[in-house]
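Enquirer: Kindly generate the complete structure, drawing on both the sequences and the hints.
Number of protein chains: 2
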Amino acid sequence: MTNKAITIIDIAKLLGVSKSTVSRALKDHPDISNATKEAVHMMAKQLKYKPNAVAMSLRHKKSKVIGLIVPTLSPFFFPSVIHGIENEVNKRGYNLMILQSNESYEREVRNVDILQSNNVEGILVSISRKTEDLSHFTSLIEDNTPIVFFDRIPKSIQADMVLVDDVLGAFTAVEHLISIGKRKIAICLGNPNLLISSNRLSGYKKALKKHSIEINEEFIITGESSEEAENETKKLLELTNPPDAILAISDLTMSGIMKAMYAKKIKIPEDIAVIGFCEDTFSQMYNPPVSTIDPMGIEIGKIATERLFQRIHENNILEPKTINLSSRLIIRDSTKI
Amino acid sequence: MTNKAITIIDIAKLLGVSKSTVSRALKDHPDISNATKEAVHMMAKQLKYKPNAVAMSLRHKKSKVIGLIVPTLSPFFFPSVIHGIENEVNKRGYNLMILQSNESYEREVRNVDILQSNNVEGILVSISRKTEDLSHFTSLIEDNTPIVFFDRIPKSIQADMVLVDDVLGAFTAVEHLISIGKRKIAICLGNPNLLISSNRLSGYKKALKKHSIEINEEFIITGESSEEAENETKKLLELTNPPDAILAISDLTMSGIMKAMYAKKIKIPEDIAVIGFCEDTFSQMYNPPVSTIDPMGIEIGKIATERLFQRIHENNILEPKTINLSSRLIIRDSTKI
DNA sequence: ACCGGTCGTGCAACCGGTTGCGGTTAATAA
DNA sequence: TTATTAACCGCAACCGGTTGCACGACCGGT
Numbered sequence: 001m002t003n004k005a006i007t008i009i010d011i012a013k014l015l016g017v018s019k020s021t022v023s024r025a026l027k028d029h030p031d032i033s034n035a036t037k038e039a040v041h042m043m044a045k046q047l048k049y050k051p052n053a054v055a056m057s058l059r060h061k062k063s064k065v066i067g068l069i070v071p072t073l074s075p076f077f078f079p080s081v082i083h084g085i086e087n088e089v090n091k092r093g094y095n096l097m098i099l100q101s102n103e104s105y106e107r108e109v110r111n112v113d114i115l116q117s118n119n120v121e122g123i124l125v126s127i128s129r130k131t132e133d134l135s136h137f138t139s140l141i142e143d144n145t146p147i148v149f150f151d152r153i154p155k156s157i158q159a160d161m162v163l164v165d166d167v168l169g170a171f172t173a174v175e176h177l178i179s180i181g182k183r184k185i186a187i188c189l190g191n192p193n194l195l196i197s198s199n200r201l202s203g204y205k206k207a208l209k210k211h212s213i214e215i216n217e218e219f220i221i222t223g224e225s226s227e228e229a230e231n232e233t234k235k236l237l238e239l240t241n242p243p244d245a246i247l248a249i250s251d252l253t254m255s256g257i258m259k260a261m262y263a264k265k266i267k268i269p270e271d272i273a274v275i276g277f278c279e280d281t282f283s284q285m286y287n288p289p290v291s292t293i294d295p296m297g298i299e300i301g302k303i304a305t306e307r308l309f310q311r312i313h314e315n316n317i318l319e320p321k322t323i324n325l326s327s328r329l330i331i332r333d334s335t336k337i
Numbered sequence: 338m339t340n341k342a343i344t345i346i347d348i349a350k351l352l353g354v355s356k357s358t359v360s361r362a363l364k365d366h367p368d369i370s371n372a373t374k375e376a377v378h379m380m381a382k383q384l385k386y387k388p389n390a391v392a393m394s395l396r397h398k399k400s401k402v403i404g405l406i407v408p409t410l411s412p413f414f415f416p417s418v419i420h421g422i423e424n425e426v427n428k429r430g431y432n433l434m435i436l437q438s439n440e441s442y443e444r445e446v447r448n449v450d451i452l453q454s455n456n457v458e459g460i461l462v463s464i465s466r467k468t469e470d471l472s473h474f475t476s477l478i479e480d481n482t483p484i485v486f487f488d489r490i491p492k493s494i495q496a497d498m499v500l501v502d503d504v505l506g507a508f509t510a511v512e513h514l515i516s517i518g519k520r521k522i523a524i525c526l527g528n529p530n531l532l533i534s535s536n537r538l539s540g541y542k543k544a545l546k547k548h549s550i551e552i553n554e555e556f557i558i559t560g561e562s563s564e565e566a567e568n569e570t571k572k573l574l575e576l577t578n579p580p581d582a583i584l585a586i587s588d589l590t591m592s593g594i595m596k597a598m599y600a601k602k603i604k605i606p607e608d609i610a611v612i613g614f615c616e617d618t619f620s621q622m623y624n625p626p627v628s629t630i631d632p633m634g635i636e637i638g639k640i641a642t643e644r645l646f647q648r649i650h651e652n653n654i655l656e657p658k659t660i661n662l663s664s665r666l667i668i669r670d671s672t673k674i
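Protein chains in written order, with our numbering: chain H, 1 to 337; chain D, 338 to 674.
For the record, the hints were derived by calculation from the structure and aren't laboratory data. Take these hints with a grain of salt, some might be off.
[As the list claims (entries may be wrong)] One side of the interface only, derived from the structure: several residues of chain D facing chain H at Cβ under 8 Å:
#	residue
1	K387
2	Y599
3	Y623
[As the list claims (entries may be wrong)] Output of the computed footprint for chain D on chain H, the stretches with three or more beta carbons under 8 Å from beta carbons of chain D:
#	stretch
4	46-56
5	96-103
6	110-124
7	198-211
8	223-234
All C-beta atoms, glycine included, are put in the ideal place defined by N, C-alpha and C.
Expert: Listed below in C-alpha cells is the structure:
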C-alpha cells in the first residue's frame, strides 16, 4: 500500500458529486437516486476502489479484527487451535492477528497493549507459564473488551474459559488401560507448572483409586522435552518391576516414550500398552498407531471463537462461563489386546 | 475496546493544554518544555494511555502490520513457516495478520483485498493450488506493495521468491540412498499440481540418471493423503520386484508409507530404506527415526520475512530476487546401513 | 401565489492522532 | 527603551470514510 490508493474522494471528483454522496451510494442508502448509485458503482469498479478498512475502523471503532495470544507457535497443540480459530473468524468476515508471548509475562502484557492499540474487537488468549499477575487482563475486562481464555487459563479471573476436561480425559485413559487388563500404569508428565499436568495427574490418580490400585510414585515421571521423556522412560523400563502401561501427557512426551520403547524393543501393547494426549494426525504416525485422548485443538479453537463472537454480538453482557469439552478416546493398536 | 479508551484529548483537557502539545510531548519533540513533557508523561501513565494504532495507521499510512496468506493451516508445513515468520515480524515491532485461502482462488483474491484494505505494509504469500490468474498479485505489485512469495510460488511473475531447492533436495536424497547401496529407488509424490512434486521428481530422476539407473515408472507413485500413500505403497511392496528404498515427498506421504511398512513388516533400512521431506520434529517420531531432507519451514519463514522487511525499508525499489535455500540432509536410522 | 412535503444532495463535524505554520511571551541584545 | 529572537504552544488541516442536519428543487393541494 505504498502508492496512492484511490478513495471515495477520487470517485466524487470524477463524478462531480460530494464524497458523502459517494459514501452513501456505495452502501445503497435510500436517499441516493438510482442514477447516481449506478454511476458511483460503475466508477468504483472501474477504478478498482477498495474501501479503507483503517479509516472505517477509526470511525466506528470496529476493526473486524480478532486478536490471538498464544505462548508459542511450535508444534503440536497451538497450530491446531489456530487452525480452528481462523476458520471461524474468517467465516464471519473477520480477520485474525496473531501474537506469541514466548512464555514471557512481559511480552504477554505488551501483546495485550498491541491488540488494544489496534482496536481488536475481541481477544483469545492462552496465557504464558510465567503469568502470575493478571492485571493486564482484568483491566481489559473492565474496559469491556470481549475476551475468552482457552487451554492455559488463569486461575482466578471472571471470564469465559474453554478447555477440555483433563481430569476426565486422564481418568478415561487410565480406565481404558485397566479395562484391557493393565494395572501397573505409569504416567509421563510434562511441564509441572502447567495446569494440564496437575489435572491429568489427578485424573490418573482418581482412576487408580477407583480401581483400588495403589499409586506407585516411581511410575510418575516427568519429561519436558522429548529427550527427557525418552531418558526417564528408559529408567522406568529398567525398574525391577516395570509398568505394563504408560500414559503420555503430550505429543512431545509421547515422542520420547515411543523412542524409549523402540530402543528397548518393548512389544506394544503386549508388554506395555501406550496411550497419550496426542493430536489425531500425529498419533497415527507411530508404530503401532497409538491410542489417544484427543486434545481437541481445532475444536477448542472453534468453540472459543464461537463464544467470543457471541460476546461480541451481545455487547459483552454475558455471564462468564467455563466450557468444558470432553475429549474423546480414540482406540488404536497400542492398547488393543 | 468497547468502552471509551482514553485519548490524547483527555490528557490535554486535564492538563489544560492542546492536543498537539500532548502529541509532541509524548514523542519528545524539542519544542515542548521539560516541565510540560513530564506533566504529560505522568498523566499518560496515570490514565494508562494507549496510543490508537488505527488512527496513526490512517495518518501516515503505516499500519505496522504484515499480511500472510497461506493455502492451509493444517499440519505440517505451514504452521512451521508461520512460526518462523512471527518471530521475525514481532522482533521488528510489527504484527502479523494471517489469512487462509483454503486452496481457493476466490478466497485468495478476497484475502489480497482484505490485506490491502487493512493497509498492511507488506505481504507474504504462498499461493493456492487453483491459482492460475495472477492479476490480483500483479496489481499489488503495480501498487508498489512489498510482496514476497514463498514455497508455493507463481511461475511467471516478477517478484521476490523464497524456496528450497527441491530439485537439489531430492537429488541429494536419492544420491544418499545410492551411497548406501540402494538402486531400486521409489518415490511417492503428493499433489501433482504442486511445483514441489515436479521439482522433487526431477531431482529424483536427475540423480538416477547420473548414476545410470534406469527409471522404473512403477516406482513412481502418488499419495495425496496418508491413506492413499499407504495403499499405493502396499501395492509397491507387492510387486514381484519391489524397491529397496523409497523417498517420501512430504510428511503426509511419509506417514502413509511408514504405515505400509509396518503392516508389511518391512525391515528398515535393511529391506527398504526410507527418506523423506519431513520436519525435523516429526521425522523423529517414527521407528526408526527417518532420514530427511529438512523442508526448512521455519527457515523459509524467517528468510522471506527478512527479505520483505528489506523491501519495506528500502522503499520497495529492490530488484526481484529468488532466494533458493539449500535444504540439509539429516541422516537417521532409516538409511543407516 | 402560498404552504407543506419529498427527494436528492452537500456541508461540516467526527473518529484520534500528526504536523506546518503562526502567535505569544519573556529573555537578550542594541 | 526598543528591536530581536529563542522557547513554547495552539490553530487548523489532514488521513478516508460516516452521518446528522440543512438546503434547494420540485411537486401537489388549497
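Enquirer: Now look at each hint and say whether the structure bears it out.
Expert: Checked hints:
Taking 8 Å as the C-beta cut-off, the interface hint given for D:K387 holds, the closest approach to chain H being about 5 Å. The interface hint given for D:Y599 is met, as the beta carbon of that residue sits about 4 Å from the closest beta carbon of chain H, less than 8 Å. Interface restraint check for D:Y623: the shortest CB-CB distance to chain H comes to about 6 Å, inside 8 Å, so the restraint holds. Interface restraint, the stretch 46-56 of chain H with chain D: holds (7 residues with C-beta to C-beta distance below 8 Å; minimum three).
A stretch counts as covered by a chain when three or more of its residues have a beta carbon under 8 Å from one of that chain; for the stretch 96-103 of chain H and chain D the count is 5, and the coverage holds. Only residues whose C-beta sits within less than 8 Å of a C-beta in chain D count toward coverage, and the stretch 110-124 of chain H has 8 of them, enough to reach three; the restraint holds. Counting residues of the stretch 198-211 of chain H whose C-beta lies closer than 8 Å to any C-beta of chain D gives 0; at least three are required, and the coverage claim is violated. Interface restraint, the stretch 223-234 of chain H with chain D: violated (1 residues with C-beta to C-beta distance below 8 Å; minimum three).
Going down the numbered hints, you'll see the structure goes against 7 and 8, while the others check out.
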